[in-house]
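Chains as they are written, first to last, in the numbering used here: chain U, 1 to 557; chain F, 1001 to 1436.
Just so you know, these hints were derived from the structure itself, not from any lab. It is possible that some hints are incorrect.
Across the chosen pairs, the derived CB separations fall in these ranges [as the list claims (entries may be wrong)]:
no. : chain 1 : residue 1 : chain 2 : residue 2 : range
1   : U       : R259      : F       : Q1047     : 34 to 42 angstroms
2   : U       : G413      : F       : G1398     : 36 to 44 angstroms
3   : F       : P1022     : U       : R485      : 28 to 36 angstroms
Result set (SDA-like, lysine to any residue): computed pairs, CA atoms no more than 25 angstroms apart in a straight line [as the list claims (entries may be wrong)]:
no. : chain 1 : residue 1 : chain 2 : residue 2
4   : F       : K1003     : U       : V105
5   : U       : K545      : F       : R1058
6   : U       : K98       : F       : M1001
7   : U       : K414      : F       : E1059
8   : F       : K1003     : U       : I99
9   : U       : K415      : F       : P1014
10  : F       : K1229     : F       : M1259
11  : U       : K415      : F       : V1050
12  : U       : K285      : F       : R1039
13  : F       : K1324     : F       : S1435
14  : U       : K32       : U       : R555
15  : F       : K1005     : U       : N96
16  : F       : K1003     : U       : E286
17  : F       : K1003     : U       : R555
18  : U       : K414      : F       : P1014
19  : U       : K415      : F       : D1017
20  : U       : K545      : F       : E1051
21  : U       : K285      : F       : E1028
22  : U       : K414      : F       : R1058
23  : U       : K414      : F       : E1028
24  : F       : K1003     : U       : S289
25  : F       : K1005     : U       : P403
26  : U       : K415      : F       : L1225
27  : F       : K1005     : U       : I99
28  : U       : K415      : F       : E1078
29  : U       : K414      : F       : V1050
30  : U       : K554      : U       : I524
31  : F       : K1003     : U       : I524
To give an idea of the chain U side of the interface with chain F (calculated C-beta under 10 angstroms), a few residues [stated by the list, open to error]:
no. : residue
32  : A88
33  : P90
34  : D93
35  : P94
36  : R149
37  : R177
38  : L178
39  : R182
40  : V337
Backbone N, C-alpha and C fix where the C-beta goes; we use that ideal spot for every residue, glycine too.
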Amino acid sequence: MNKSALYLGLDVGGTHTDAVLIGEEGIVSHYKAVTDHDNLLLSVRKAIEGIAGGADRKKIQRINLSTTLSTNAIVENRLEDVCVIISAGPGIDPDNFKIGTYYYVIDGSIDHRGTEVRSLDAKLVSRIAGEVSGKGVKAFAAVTKFSTRNPEHENLIAREIGSAADFVTLGHKLSGRLSFPRRIVTAYFNSAVRRIFENFSDSIEECLCDLGIEAEVNVLKADGGTMPFSFSRGIPVESILSGPAASVMGIAALCDITRDSIMLDIGGTTTDIAIFAAGAPLIEKEGISLQGFPTLVRSLMTRSIGVGGDSAIHVNGGSVSVGPDRGGPAMAAGGTVPTLVDAFNAIRIVRFMDAEASAQGIADLAKKNGTSPDKLADAAIEYAVARIKDEVNAMLGEIRDRPVYTIHEMLEGKKIQPALVYIMGGPAEAFRDKFAGWLGAEVVVPPNYDVANAVGAALAKTTIDIELFADTCRRTMIIPNIDVRRTIPSGYTLRDAERDARNSLAEHRGSLSAPAGGSDMEIIESSSFNIVEGFYTVGRDIRVKCQIKPGVIKRLT
Amino acid sequence: MIKAKNRMGLIFFPAYDWAISPTHPEREERLLYTQDQLREEGIFDIQGLVEYKPDIAREEDVLRTHFCFPDAAGVTTESHMISAGGAIKAARLLLDGQVDKAFALVRPPGHHAMKSVHGNRGFCNINNEAIMIEYIRDHYSTRRIAVVDTDCHHGDGTQDIYWNDPNVLYISIHQDGRTLYPGSGHVSECGGPTAAGRTVNIPLPPGTSDEGFLYAIDEMVLPILKHFKPEIIVNSAGQDNHYSDPITNMNFSAQGYAMLNDRLDPDIAVLEGGYSIQGALPYVNLGIILAMAGIDYSHVREPDYDAAAVRQDKGIMDYVKRLKEAVLGVYFNPPTYEGLLPYRQYLTRRKNVFYDTDGIRETQLESIMRCGECTGVWSLETSSTVYPLSLGIEIPVGACTACEKEGGRLLDNAKKSGKYKTIQMIDRVKKEYYSR
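Between the sequences and the hints, there should be enough to build the whole structure, so can you do that?
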């Protein structure tokens, strides 16, 4: 970054909009306001105006935005009608995956090697397209089974739909990963939010122009990386559920994480948990689920439980519990129900606003249940701590029990041994002692954690992940989501494939004008299997997964 | 979202870094295309279907089941311990109540591995199903178990291990041994004197298709199971009856495999052979999983499936129908072994075993106590082209006091004789397994 350049991070969350301006020396200013749920654009505009005066605005080089726009549209079912056209071939009955009102299964099939088994019923596609466009449906999704191995049928569907569509989401462009049902859901959501997202993008660009800002704009993704605005217009679905990723990347920027670590973001209503392995945030094995629908959207592994500072304290018989409902604000802040913050306040672990009100609330609840205020407060805090620890242990267990597919991984698989527990969020300090010594790890409460999410958004890198698939018998190489398809020689090797994966990824990154950093590109998986027919090796089946690691462009430590 | 009717555990372990040799059918990518198909179908997102990591079997799990020469480590690699551990995991999930059904989709296979192990035969070193069953009998109260072996090859290893065990019913449906490795599995092979009728062989002629297989299930296997009333049914699930399999000659289809499992309703399935890794396994495994989970499988079929091309000859059905009487006779009216030696005497038989993969020849002398109280203490004298004369002694599950004592005496005598290079002891009463 050049000396005077500024980075702006914006996290338009469900409750608050946070913004932070970062310069060479660190955080220049930050801003927080309540999100105007019905007018996210206004929230964004106000945040920019609030954080940067005229002179600074000119210096903003990069704006990274984490927004709930697409998520809200899906959760609140404000979705555009989408015509989903799929072909499945043999397997599970595709009627099981029906989504939306306009869902059509047509004849055609491709097998796991990418060989066409049955040709596509293209005529039917144009008939369907004509029919639904007559009903005003202009958004389409085309998904075929094994399209990541051979996208011909999806491309053909798009051609047949032609001008009947304002846009068509092609399944293979979303991800190289296998999962036909996830591809259908993801393509559907993508088309269903695309217009909303596009309108939003246009408005943002107008607004920036208005404010005299010429920065490039990026959108945060759930995997903790960003994508350029221009690119995100094609795959807006990648912007869902980016909120937790913003905090995780924030911690990564605020602390120099290099070891196995646990991150606890203890907020008002929930505690979000993430895990770092050797300093890198762990990624979910499969894509993230939204509204119970598993998608192909790559995501950091985070869990959220209903324990936070404003969680209500409950006494049931002799047992004390906290949450998952919100009781807040705390009585110390004028609330009516004693919350976890009140418990900390009552026994003077923290000093927060009206401590008397907290003590009174806890005392009243204790009296009603025939116990002492101190015991009640202790029990509530212990419960919250236990819930958080249980969830962390469950996550560690899940990581430990993740299936592996080679003997090497089975025997040599690495185990996560947390050395540090990072606690952030409003009640972070209060919890510090409670986690001391747990798992033999050191507790750290980073400075500036209250703007970590905006910091994370500001400093997140552009990420891309690709899967290369090559079949030397068929002489084909394909990287579906970045549209690479090539004929290869029969002598093509794993080394060639790894080189092609890196080069294609670098080229794609260049086309996104994302800044390059040498060491952040990595091969995650790479394999080459013989293809044997009748006891003779006739070729190789080569697979390479390559990514730009999620990370931050600079640390604020 | 699809919901499984039965909570199902899938232990998927393809061992992508293990092969017998680079072009051997039992090689790295055997389950690669199956995994592609399962992932693309979204199998792992089905509600109620959970993928699990296998256990790693311990040495004692192997020594509880097999006599290994020179020892367990000498005849196994890590891959075998993980594959057997996959079967154990399936059993634990089922018996701990975590799932209603479990499928160990693991390799290498095991059903040609016999009681005594000197090396690899029929791609198998140790018997995954037997190790699992003995684990079950050691850790849970389950006693009556039925194994239905649907691999195209006769499971001579499993048959050998349970030859004298009346509590484990072994039924094998396979291509007639006169036309395929290992050559055994004739109807007349029906178990030793203490377990007569508890080994049932159904040798089907080459070219048998869905119709013949399902007839064998409906008319032979199911009536026998109904009578035997096992607590657990295990499908030793080979997939090489498929019409596209390169080393067999049957005409079974993916749809047929799914229907078979639907009707058989096994609690546990453990993968055995099946080497049509592109044309069959992806679809057969999908069919088996859906059928076991209680999910509609009617759309599962191979891309190249052609009903007319795999239809069986009319003569085959006539043959299979004639087979029914003989097969049911074996189970319901087994030979009585009249005129045998009196109780508390040893019955002996000699066997020669050939290890095709490793080219080993083994000679065995089996001596089993005709007890009357329990299944009888027994010993196995064995020598092979790779290992000198050795002895295995087993005090079986539920052995009577006399047999337990006799086992100790056999061991003492064997030690004193100085004849044996290695003596392997399996004491199922004390749960001790060791070599001398």
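Taking the hints in turn, this is what the structure says about them:
no.: 1; hint: R259(U) <-> Q1047(F): 34 to 42 angstroms; in the structure: holds, 37 angstroms
no.: 2; hint: G413(U) <-> G1398(F): 36 to 44 angstroms; in the structure: holds, 39 angstroms
no.: 3; hint: P1022(F) <-> R485(U): 28 to 36 angstroms; in the structure: holds, 30 angstroms
no.: 4; hint: K1003(F) <-> V105(U); in the structure: holds, 21 angstroms
no.: 5; hint: K545(U) <-> R1058(F); in the structure: violated, 34 angstroms
no.: 6; hint: K98(U) <-> M1001(F); in the structure: holds, 9 angstroms
no.: 7; hint: K414(U) <-> E1059(F); in the structure: holds, 23 angstroms
no.: 8; hint: K1003(F) <-> I99(U); in the structure: holds, 16 angstroms
no.: 9; hint: K415(U) <-> P1014(F); in the structure: holds, 21 angstroms
no.: 10; hint: K1229(F) <-> M1259(F); in the structure: holds, 21 angstroms
no.: 11; hint: K415(U) <-> V1050(F); in the structure: holds, 22 angstroms
no.: 12; hint: K285(U) <-> R1039(F); in the structure: holds, 12 angstroms
no.: 13; hint: K1324(F) <-> S1435(F); in the structure: violated, 44 angstroms
no.: 14; hint: K32(U) <-> R555(U); in the structure: holds, 22 angstroms
no.: 15; hint: K1005(F) <-> N96(U); in the structure: holds, 15 angstroms
no.: 16; hint: K1003(F) <-> E286(U); in the structure: holds, 19 angstroms
no.: 17; hint: K1003(F) <-> R555(U); in the structure: violated, 45 angstroms
no.: 18; hint: K414(U) <-> P1014(F); in the structure: holds, 19 angstroms
no.: 19; hint: K415(U) <-> D1017(F); in the structure: holds, 21 angstroms
no.: 20; hint: K545(U) <-> E1051(F); in the structure: holds, 22 angstroms
no.: 21; hint: K285(U) <-> E1028(F); in the structure: holds, 23 angstroms
no.: 22; hint: K414(U) <-> R1058(F); in the structure: holds, 21 angstroms
no.: 23; hint: K414(U) <-> E1028(F); in the structure: holds, 23 angstroms
no.: 24; hint: K1003(F) <-> S289(U); in the structure: holds, 16 angstroms
no.: 25; hint: K1005(F) <-> P403(U); in the structure: holds, 23 angstroms
no.: 26; hint: K415(U) <-> L1225(F); in the structure: violated, 45 angstroms
no.: 27; hint: K1005(F) <-> I99(U); in the structure: holds, 22 angstroms
no.: 28; hint: K415(U) <-> E1078(F); in the structure: holds, 19 angstroms
no.: 29; hint: K414(U) <-> V1050(F); in the structure: holds, 22 angstroms
no.: 30; hint: K554(U) <-> I524(U); in the structure: holds, 23 angstroms
no.: 31; hint: K1003(F) <-> I524(U); in the structure: violated, 32 angstroms
no.: 32; hint: A88; in the structure: holds, 8 angstroms
no.: 33; hint: P90; in the structure: holds, 5 angstroms
no.: 34; hint: D93; in the structure: holds, 5 angstroms
no.: 35; hint: P94; in the structure: holds, 8 angstroms
no.: 36; hint: R149; in the structure: holds, 8 angstroms
no.: 37; hint: R177; in the structure: holds, 8 angstroms
no.: 38; hint: L178; in the structure: holds, 4 angstroms
no.: 39; hint: R182; in the structure: holds, 6 angstroms
no.: 40; hint: V337; in the structure: violated, 36 angstroms
Taken one by one, the earlier hints fail for this structure at numbers 5, 13, 17, 26, 31, 40, listed in ascending order.
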